[in-house]
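Trainee: What follows is each chain in one-letter form.
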Amino acid sequence: MRLELRGITKKFGSLTANDHIDLIVEPGQIHCLLGENGAGKSTLMNVLFGLLQADEGEILIDGEPVRLANSGDAVRRGIGMVHQHFMLVPVFSVAENVVLGFEPTRSLDRLDYARARENIRSVSREFGLEVDPDATVESLPIGLQQRVEIIKALSHDAQLLILDEPTAVLTPQEADALMAIMRSLAASGKSILFISHKLKEVRQVSDVITVIRSGRVIGSVPPTASENELAAMMVGREVSLVVQKSAATPREPVLEVRDLVVRDDRGLAVVDGVSLEVHAGEIVALAGVQGNGQTELVEAITGLRHVESGSVVLAGRDITNHSPREILDAGLGHIPEDRQRDGVVLSMSVADNMVLNTPRRAPFARHGTRNLRAVRDHAETLVESFDVRTSSVEAPLSSLSGGNQQKVIVARELSRPLEVLVASQPTRGLDVGSIEYVHREIVRVRDDGHAVLIVSSELDEVMALGDRVAVMFQGRITGIVDPSTSREDVGLLMAGSAPAGTR
Amino acid sequence: MTTLAASAAKVRQPLGRTKAIGWFIVVVGLFTMFGMGVGTGTAPHSTLTFTPIDVSHGAPWHLANLTLPTEWTLVLLGAVIVALGAEVLVRRLAKGAMVRVGLMAIVFLVAVLVWASRQPGPSQVPFINVTAILVGSAAITMILIYGSLSGILCERAGVVNIAIEGQFLGGYLVGEMIDSATNNWLLATVGGLVIGALLGWLLAFLAIRYLSDQIIVGVVIVTMFTGLASYFNSWVLTPYPNLNNGNIASNLAIPGLMKIPIIGPTFFDETGFFYLMLVLVGLVSFALFRTRWGLRVRAVGEHPQAAAAVGISVERTRYVNVILGGAVAGVGGVAFAAIQGQFTPSITSGFGYIALAAMIFGRWRPSGAVAACTLFGVSAYLAYNLQSYQVPISTEILLMFPYLITIAVSAGLVGRVRPPAADGIPYSRE
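Residue numbers (my numbering), protein chains in the order written: chain R, 288 to 790; chain P, -12 to 417.
With the rest of the complex left out, here is chain R:
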């Protein structure tokens, strides 16, 4: 299929999300759409998939203008989409998910499961995507669920596949497998529109890369363009992709985790005997595919989740199962994984968010009464020194961009007396410019002599920031390696198998 977008414009109130976007995807081409969060990629995809209507411009399929009023129209026109958050019903079988909306039926509106299975098998055979049609989707690993999404699109005879940040949830090995699938689909004549912000994989798999920024097409480049070039196009200025840091000078251990066992909400021991030491003056980066216990480990360290057994010691003091307040007061700074849920109160002002974990302490309060002037002065100082972009310190936090919200949290945590900083997914959802900033701040904390524990599912970030890299798989630390270790070996540890030469 040859897809052409001409002058697509989409406005939300005063915000122009897409501004006269032109784009051509040739048959059999893997076309990457590269851009920061908020650049307008998702809006464009939703327009293309019929979920939103463009204010201006037209969509041409094989030279013919089409109107896509809803996603059903898009599917009938041969456009398939693999969403970042899978559009699969977890309790349905693979077959039920694949046929949903296009069900083969027998008399009395009954579902024809035999034909549904046959559809899946024929797609599996044609494209080499094996999956059991009768398996329940929620029992499948993420990689296979994504495969079901692809089969679903192909079974509707999609000629153009849109993949929205498809590697975000995959291990490096699964991501490699996906890229192989993408190449073989393209070879069989399917067009692929691939959305990503990961420079490495974009260069690895694309035929053409189109960069958009602030709703506009900045340009199209071949995959031979360098990462620095691409990053500059995305951000609009030169950015440093390499974290600048000197060698670590680790001193005494500050955070000591011993044989920690933590259960999740379902009662499973998702942290299953983890021991870890973080020394003053070093950054330990915890790598792993999401859902292997990192979240619960951090929650246990920060007092948000009950520790079943084992201990957490902070600067020589046992803080196991202490309240979050006691732990914060003992000198732990926490940048939480889900910042909007656990890090800030969106409806409160920037100033109030800046003192969210020290509201009762002088000078912000005395005798149970808040000192609003001190709070505001404090906020103004921090906004200045951390370069938070906000109209005023009284503005509600929800009016700030994601990057600036993160800066508020970073500013708050780093402005308290600290022993250790625990940062989970510190750059998730941030643009390249903000990432650079947050990384610099984290390195500064280390250089000031504090201990830092980073949890990230971005392998690049882990390797760039960590002085030591611990890999977590199924609730256990599968290895602690030097950041110079090859990505392949770390990938193997993330998948639970130990490469040669590691413990």
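No lab work stands behind these hints, which were simulated from the structure alone.
Keep in mind that this is a model prediction, so the values were computed, not measured.
Please note: incorrect hints may appear among the correct ones.
Which bits of chain R does chain P cover? Going by a derived footprint, with three or more residues having C-beta under 8 Å, they are [said to hold, decoys possible]:
#1 353 to 360
#2 389 to 403
#3 643 to 654
Just so you know, even glycine gets a beta-carbon here, dropped at the ideal spot from N, CA and C.
Knowing the structure of chain R, use the given hints to seat chain P on it.
Mentor: Coordinates of chain P only, in the frame set by chain R:
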């Protein structure tokens, strides 16, 4: 990778909880054996009779009364309960624990009955009429099943219908008035269907168009309609008692089948509403789990975004289902009127909520709801009628039973129930 999924799928109940349930059942069994059984003293007897109260259709069969030694019967029933508990403990049943608790409840109810009717004893009624109990329970069960089906239709599409009570009341009022005026239950049914559908539409409109909290809207609808019904009662029904003359629908006995002992009067000598309910149970089961329509409805209730992404209209599906559910509950209200007669403002006495509880206990499935409604129906009937046996437990306490079970179930104490994932969550496209 694969092991990751395996561990995720292996969601199991903590062993401690299963143990507690097992021990609870065992204790109930021991209490039945020794507290009620051995404690009765002076070798009393309990008599079971099987002659239906309503013999207008004739009972061409005759079953002799069955006289049981109370003490040993209770010990035996208690032993059955202990065995159920032991099974849970020994086999570490986590999944089947809920079914065992249901069985325990039924056996225990029988035991209470046997104990209460013992002679010599305090009871004025010297026997247990098994057929009468079954016939009486069938009527209550029928009402509850209408309500549960209504709940299932709505919640499978992701809308909580807590307004069933209001729809019952509406159907009852309208049905009773139309029947009193025309003496035609078919017209009354149509009237109840319309009022139920309208109340369903109101819930759907507020919940879908304005994304209101469905629980609050549902409660408001019930409260509003309760007030409206009282108003109607004092300003229309009191001055014009002809509109509320308490008709009861006559039974449509099925020739031949109705002559089967015990089963005949219970299942084949019922009002048309009973047969309609049976048809609806089959229909809803089939439609939800076998058809394309059902797959789409369930998709909307589980993951509306996924349904929308393949071109299914979430809003329309929810409207249709909530209106359908309202209509079913409205008809249930008419059925209520058809067996109960004269309307009074608080006549539905919380049956709509018990029906919703039964739906949860039945895991959002018509078959499960039928089982749960039967359990709740029998216990509600006994609660109302145990008084004549001079049981030293008040009706109000016995009527709490369905709610206690519901609390235990929804708190995850017994088994694990999982509602449709998007149940009660407003859907908007952005």
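Trainee: Could you check the structure against the hints above and give me the numbers of any it violates, in ascending order?
Mentor: 3
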